[in-house]
Amino acid sequence: MQVTASGGGRRALLAFFGTLVLFLYAPLAILTLFSFNDNRFVVFPIQGFTLRWYEAFLNNSDLIEALKTSGIVAAISSVFAVALGVLGSYLIVRRRFRGKGAVTGLLLAPLVIPYLVFGISLLVLFRAVDDFLKDALGVYFGLGIHSIVIGHVVVSLPYAILTIVPRLERVSISLEEAARDLGAGAAQTFRRVTLPLLAPAVVSAYLIAFTLSFDEYAIASFVAGRQETYPIFLYSSLRTRAALPQMIAVSVIVLFLSLLLIVGTEVGRWRYERRLEAAPSA
Amino acid sequence: MAGTVAEPLDTERGPRAWAATLGLLSGPVLWMLVFFLVPIVIVAAYSVGVLSLFPTDVGFNLSDWKLLLVGDSVYMSLFWKSVRMSLTVSVVVVVLAYPVAYFLALVVGKRRYVLLLLIIAPFLTSYLLRVFAWKVILGDEGILNSFLVTAGLRGPDDPLHWLLYSQFTVILVLIYVWVPFVALPIFVVLESLDHSVLEAATDLGASRWGAFWRVTFPLSLRGIGAAFVFVFIPTIGEFVTPSLVGGPSGFMFGNAIAGQFTQGIDWQKGSVLSIFLLFAVLLLISMMGRFVQLRNVRVA
Chain A
720 MQVTASGGGR
730 RALLAFFGTL
740 VLFLYAPLAI
750 LTLFSFNDNR
760 FVVFPIQGFT
770 LRWYEAFLNN
780 SDLIEALKTS
790 GIVAAISSVF
800 AVALGVLGSY
810 LIVRRRFRGK
820 GAVTGLLLAP
830 LVIPYLVFGI
840 SLLVLFRAVD
850 DFLKDALGVY
860 FGLGIHSIVI
870 GHVVVSLPYA
880 ILTIVPRLER
890 VSISLEEAAR
900 DLGAGAAQTF
910 RRVTLPLLAP
920 AVVSAYLIAF
930 TLSFDEYAIA
940 SFVAGRQETY
950 PIFLYSSLRT
960 RAALPQMIAV
970 SVIVLFLSLL
980 LIVGTEVGRW
990 RYERRLEAAP
1000 SA
Chain B
327 MAGTVAEPLD
337 TERGPRAWAA
347 TLGLLSGPVL
357 WMLVFFLVPI
367 VIVAAYSVGV
377 LSLFPTDVGF
387 NLSDWKLLLV
397 GDSVYMSLFW
407 KSVRMSLTVS
417 VVVVVLAYPV
427 AYFLALVVGK
437 RRYVLLLLII
447 APFLTSYLLR
457 VFAWKVILGD
467 EGILNSFLVT
477 AGLRGPDDPL
487 HWLLYSQFTV
497 ILVLIYVWVP
507 FVALPIFVVL
517 ESLDHSVLEA
527 ATDLGASRWG
537 AFWRVTFPLS
547 LRGIGAAFVF
557 VFIPTIGEFV
567 TPSLVGGPSG
577 FMFGNAIAGQ
587 FTQGIDWQKG
597 SVLSIFLLFA
607 VLLLISMMGR
617 FVQLRNVRVA
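As given, the protein sequences belong to chains A and B, one line each in that order. So in the numbering used here, the last spot in the first sequence is 1001, and the numbers never skip. So in the numbering used here, the last spot in the second sequence is 626, and the numbers never skip.
Derived by calculation from the structure, the hints in this document are not laboratory data. Please note that the accuracy of each hint is not assured.
To spell it out: a stretch of chain A is covered by chain B in this simulated footprint if at least three of its residues, at any positions, have a beta carbon under 8 Å from a beta carbon of chain B; those stretches are [unchecked claim]: (1) 733–744; (2) 747–755; (3) 760–770; (4) 804–812; (5) 828–838; (6) 866–880; (7) 976–989.
Heads up, simulated DMTMM-like pairs for lysine to aspartate or glutamate below, C-alpha to C-alpha not over 25 Å straight-line [claimed, not checked]: (8) B/LYS461 - A/GLU947; (9) B/LYS436 - B/GLU517; (10) A/LYS853 - B/ASP383; (11) B/LYS461 - B/ASP484; (12) A/LYS787 - A/GLU774; (13) A/LYS787 - A/GLU947; (14) B/LYS436 - A/GLU996; (15) A/LYS853 - B/ASP592; (16) B/LYS436 - A/GLU992; (17) B/LYS461 - A/ASP757; (18) B/LYS461 - A/ASP781; (19) B/LYS461 - A/GLU774; (20) B/LYS436 - B/ASP520; (21) B/LYS436 - A/GLU985; (22) B/LYS407 - B/ASP592; (23) A/LYS819 - A/GLU896; (24) B/LYS461 - B/ASP483; (25) B/LYS436 - B/GLU525; (26) A/LYS819 - A/GLU888.
Pulled from the structure, derived: some chain B residues nowhere near chain A, Cβ distances all over 10 Å [to be verified]: (27) LYS436; (28) LEU489; (29) GLY531; (30) TRP539; (31) PHE543; (32) PRO544.
Built from N, CA and C at the ideal position, the CB exists for glycine as well.
If we strip away everything but chain A, and leave its shape as in the complex, we get:
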């Protein structure tokens, strides 16, 4: 007998699954529908098809600027997060040293700290550093892209580690040992053997860090200063009704791009890993 569910149980679970999928996607579908609705207000009934909200956002230079800023912040912060994540993962999986538990805890801690508290802490840090610099040298950093990047690296790092560690654990250590036996140094072994085998996880980690940063509001809202990122711009325009339809349009574009990216990466990674798994035994 099928142990986990009876025939009726199976159908009930399927129905529940379907309902939840509907609950998750209906609001997004409704937004998409209204991004094409020819009405200044986001209300029923549907008035007719238009692309003017998409045109309007293409001509909204503030919005484009905010999207660019978010793109820059996400690109830079995810490079840092992945680089530090590879180092951290290598430490956790391949090295033995005293205090490893504490180090692992520190690297993963941002997962369990409310972003609100972290954002505030970072604001307070920059303030303290600037106060000190002003007194001592008469200069200061202020807030801006650099402070958002720093914050996003901190919160992306644990996700990078959680993505890379499981992959690294499955990279057979004998491959590295073989390279060493054949005369490669530690650095060369890492670069020519370990890193290529980690590639799919590294790409996933980069994309996860990128999407996290591109969408991050809570931390950015404290440390952005006058710099507007896309989420900050989105948040402030959610309060004015006039900008609603074009904000919906841009959101729909971002939504579909990110869905495409996620599905694409997952499928790509899955295929690549299957190839890697198959290779050594061949």
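Given chain A, work out where chain B should sit, using these hints.
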């Protein structure tokens, strides 16, 4: 390559290996010390007045701590209200996600990863957008109310007000936002379940329900615990969703904290509230420690 458990290289010993470890450590650890741990210490310093926005105000004092902890404190009642809201959200989210994770991990065959991705994908899209969708749907002149009017179910001047800007809305939206995330840790635990244990239970005469309650469910508690903690922590520190869809009655502890830094400039009080929230979270983690093995939460 199953079974290849990575062991640290035994050849890597001696001072050179030690230096290499230190070199690897310095990057990520320094970053986290300087930009994560030190800032929290500075907030703690603000909370007791050792540091202050205005140099003239500097001086150790516990006045804001007393204000929070002693006697009738508005902040304490706000804190408990937020705890109740977050608890509701976390419990409902786990209850909704469990059958789905069970279905995917134990009932569906080959397609399970594709279907899991279908559930998780919304989590990886814009958070603000997903909150915003509900604002558009639930507002007085929103999609639902305008639909009700168009369909003749409500008069044009009589929309359902409570749909937006209420505690109910905050809870609904937070549930919506967190369900996809929670399916994952439960799925991971259920999928790694040893099927022969279940078969043994039924062979020994347990019904499906019996086997579920006495075998599957207890064995999946670890995933449930992890899921619960990883929803509770971000929602107890939530301030964005309440400020967008909560109105005054949906106001949470996080809004009080954020307000001290953005609207008011009482950084000492804000720091006290932040550190208090941090302690609350750490207390929860120490209680739920055995569930929160961070490895439970693997990213897609």
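Hint by hint, here is what the structure shows:
Counting residues of the stretch 733–744 of chain A whose C-beta sits closer than 8 Å to any C-beta of chain B gives 8, which meets the bar of three, so the coverage hint holds. Coverage of the stretch 747–755 of chain A by chain B holds in this model, with 4 residues showing a Cβ closer than 8 Å to a Cβ of that chain against a need of three. Only residues whose C-beta sits within less than 8 Å of a C-beta in chain B count toward coverage, and the stretch 760–770 of chain A has 5 of them, enough to reach three; the restraint holds. Counting residues of the stretch 804–812 of chain A whose CB lies closer than 8 Å to any CB of chain B gives 6, which reaches the minimum of 3, so the coverage claim holds.
Counting residues of the stretch 828–838 of chain A whose CB lies closer than 8 Å to any CB of chain B gives 10, so the stated coverage by that chain holds, three being the minimum. Against chain B, the stretch 866–880 of chain A contributes 7 residues with a C-beta closer than 8 Å to a partner C-beta. That satisfies the three-residue criterion, and the hint holds. Interface restraint, the stretch 976–989 of chain A with chain B: holds (6 residues with C-beta to C-beta distance below 8 Å; minimum three). With a C-alpha separation of about 22 Å, the suggested pair B/LYS461 and A/GLU947 falls inside the 25 Å cut-off, and the hint holds.
Between B/LYS436 and B/GLU517 the alpha-carbon distance is near 13 Å, which keeps this suggested pair within the 25 Å criterion. The straight-line distance between the Cα atoms of A/LYS853 and B/ASP383 is roughly 19 Å, inside the 25 Å bound, and the hint therefore holds. Of the supplied pair hints, the one linking B/LYS461 and B/ASP484 holds, its CA atoms being roughly 18 Å apart against a limit of 25 Å. With a C-alpha separation of about 18 Å, the suggested pair A/LYS787 and A/GLU774 falls inside the 25 Å cut-off, and the hint holds.
Restraint check for A/LYS787 and A/GLU947: satisfied, since their Cα atoms lie roughly 10 Å apart, inside the 25 Å limit. Straight-line distance between C-alpha atoms of B/LYS436 and A/GLU996 comes to about 19 Å, which keeps the hinted pair within the 25 Å bound. For the hint linking A/LYS853 to B/ASP592, the alpha-carbon distance of about 22 Å falls within 25 Å, and the restraint holds. The hinted pair formed by B/LYS436 and A/GLU992 meets the criterion: a straight-line CA distance of about 17 Å does not exceed 25 Å.
With a CA separation close to 19 Å, the supplied pair B/LYS461 and A/ASP757 stays within the 25 Å bound. Taking the CA atoms of B/LYS461 and A/ASP781, the gap is about 23 Å. The hint holds against a cut of 25 Å. Simply put, B/LYS461 and A/GLU774 have alpha-carbon atoms about 24 Å apart, close enough for the 25 Å limit, and the pair holds. Annotation: proposed proximity of B/LYS436 to B/ASP520 holds, straight-line Cα distance about 18 Å (limit 25 Å).
Between B/LYS436 and A/GLU985 the alpha-carbon distance is near 16 Å, which keeps this suggested pair within the 25 Å criterion. About 23 Å separates the Cα atoms of B/LYS407 and B/ASP592, which keeps this hinted pair within 25 Å; it holds. Under the criterion of a C-alpha separation no larger than 25 Å, the hint pairing A/LYS819 with A/GLU896 is consistent with the structure, at around 23 Å. At roughly 19 Å between alpha-carbon atoms, B/LYS461 and B/ASP483 fall within 25 Å of each other, so this suggested pair holds.
Taking the CA atoms of B/LYS436 and B/GLU525, the gap is near 20 Å; set against the 25 Å cutoff, the hint holds. Taken as a hint, the A/LYS819 and A/GLU888 pair is honoured in the structure, with Cα atoms around 16 Å apart against an allowance of 25 Å. Residue placement check: B/LYS436 keeps its beta carbon more than 10 Å from all beta carbons of chain A (closest about 13 Å). Chain A leaves B/LEU489 outside its interface by the beta-carbon criterion, the shortest separation being 13 Å against a cut-off of 10 Å.
At roughly 12 Å, the least C-beta separation between B/GLY531 and chain A is larger than 10 Å, which holds for a residue marked as non-interface. Every Cβ of chain A is farther than 10 Å from the Cβ of B/TRP539; the closest lies at roughly 13 Å, confirming the non-interface assignment. Listed as outside the interface, B/PHE543 is consistent with that label: its C-beta sits roughly 12 Å from the nearest C-beta of chain A, beyond the 10 Å cut-off. Listed as a non-interface residue, B/PRO544 keeps its Cβ farther than 10 Å from every Cβ of chain A; the least gap is roughly 15 Å.
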